[in-house]
Amino acid sequence: MSTNPGGWPPPQRTSPNRQLLVILTPILVLVVVAAAIGIGLLARGAVTTKVDGIATAASDDSAPKNVLADGAVRVGESDAKVTVRVVMDLQCPACKAFEEANGQVLEDAVRDGTATVEYSVISFLDRASETEYSSRAGNASFCVADSGLANYQAWLSDMFARQPSEGGDGLPDSELIEIAQSAGYTDSAVAECITNRQYDSYLRAKTDEVLDSGLQGTPTVYVNGEEITDRNAIMGQGGLAPVIAAAQ
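Count along the sequence shown from 1, then add 111; that gives the number in this note's numbering.
Don't read these hints as lab results, they were simulated from the structure.
Watch out, some of these pointers could steer you wrong.
Straight-line C-alpha distance at most 20 Å; calculated SDA-like pairs for lysine to any residue [stated by the list, open to error]:
{"id": "1", "residue 1": "K207", "residue 2": "Q274"}
{"id": "2", "residue 1": "K207", "residue 2": "A358"}
{"id": "3", "residue 1": "K207", "residue 2": "A356"}
{"id": "4", "residue 1": "K207", "residue 2": "D190"}
{"id": "5", "residue 1": "K176", "residue 2": "A265"}
{"id": "6", "residue 1": "K207", "residue 2": "S312"}
{"id": "7", "residue 1": "K207", "residue 2": "S268"}
{"id": "8", "residue 1": "K207", "residue 2": "T297"}
{"id": "9", "residue 1": "K207", "residue 2": "R342"}
Ranges between beta-carbon positions, derived for each pair [unchecked claim]:
{"id": "10", "residue 1": "Q327", "residue 2": "E289", "range": "15 to 25 Å"}
{"id": "11", "residue 1": "D219", "residue 2": "N177", "range": "33 to 43 Å"}
{"id": "12", "residue 1": "A272", "residue 2": "T242", "range": "38 to 48 Å"}
{"id": "13", "residue 1": "R273", "residue 2": "Q348", "range": "36 to 46 Å"}
Backbone N, C-alpha and C define an ideal beta-carbon position, used for all residues, glycine too.
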């Protein structure tokens, strides 16, 4: 989140409305305006051809099971008094730090029925690896969720524990499959889903929805709809526990 040093800001959206101020002679003004119109059309064309990087909304048929309409994976009882929502990218170092500080808090809260946790995994850090690790890991999150939620938090913990360093190749698909299997996701369909990047378009669509909502960075954490901005609560060891307790 933007208030946390080390947090990852999402890519900034470029405004299509740019003003061109030119102080030239009348003849040159006409030339420049004509050129600007041509450039504008080219730029607009570039945006429309870049749709492969900004997927359209996924159909119901392409959505994984056990996922909410907004793409979040909900773990725990839906009628719990406290709902924690965490927006994260599996390549984000600050998200790893959050998991190390509060992952056990969230597991305990789900186990004792204190809270339900909605994990909104997005992907905007493909630039931090040479193999689109952010997208591949995000796809894997839907693959395991589709198979079942009982081991989801354990899987998430393992994924962050083995988070690759930025600028490298990222974990290969074979290791993503091994992590899933170690967490209890042994169905061959999960491995196939990871290898085939089955939910890649769905992930991109849900990522766009989250970014368009005004997200400032990851991790972003909400408790009962209220964004938590206190650094100690987010990054302090067990810091989210008193926040959850106060929200009951």
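20 Å limit on alpha-carbon distance, applied to hinted pair K207 and A358
Roughly 24 Å separates the two Cα atoms, so the pair is violated.
Is it true that Q327 and E289 lie within 15 to 25 Å of each other by Cβ? Since the Cβ atoms of Q327 and E289 sit about 34 Å apart, the hinted range of 15 to 25 Å is violated.
| said: Can you confirm whether the C-alpha distance between K207 and R342 stays at or below 20 Å? | reply: 15 Å, holds
* **CB-CB spacing for Q348 and R273 relative to the 36 to 46 Å hint** => 21 Å, violated
K207 paired with Q274 [C-alpha distance capped at 20 Å]: 8 Å, holds
Note to self: Between the alpha carbons of K207 and T297, is the straight-line distance 20 Å or under?
What the structure shows: Given pair K207, T297 is violated - Cα atoms ~25 Å apart, limit 20 Å.
Review point. Does the hinted range 33 to 43 Å hold for D219 and N177 at CB?
Key: Violated, since D219 and N177 (Cβ atoms, about 21 Å apart) do not stay within the stated range.
Note to self: Holds or violated: K207 and S312, Cα atoms, limit 20 Å.
What the structure shows: Distance of about 24 Å is beyond 20 Å: violated.
Discussion item. Need the status of pair K207, S268: alpha-carbon distance at most 20 Å?
Written reply: 9 Å, holds
| query | Can the restraint linking K207 and D190 be considered satisfied, given a maximum Cα separation of 20 Å? | reply | 28 Å, violated
Honestly, do A272 and T242 meet the 38 to 48 Å range at C-beta? 19 Å, violated
(message) Please verify whether K176 and A265 have alpha carbons no more than 20 Å apart.
(response) Answer holds: K176 to A265 is near 19 Å, not above 20 Å.
Comparing the model with each earlier hint shows violations of hints 2, 3, 4, 6, 8, 10, 11, 12 and 13; every other hint is respected.
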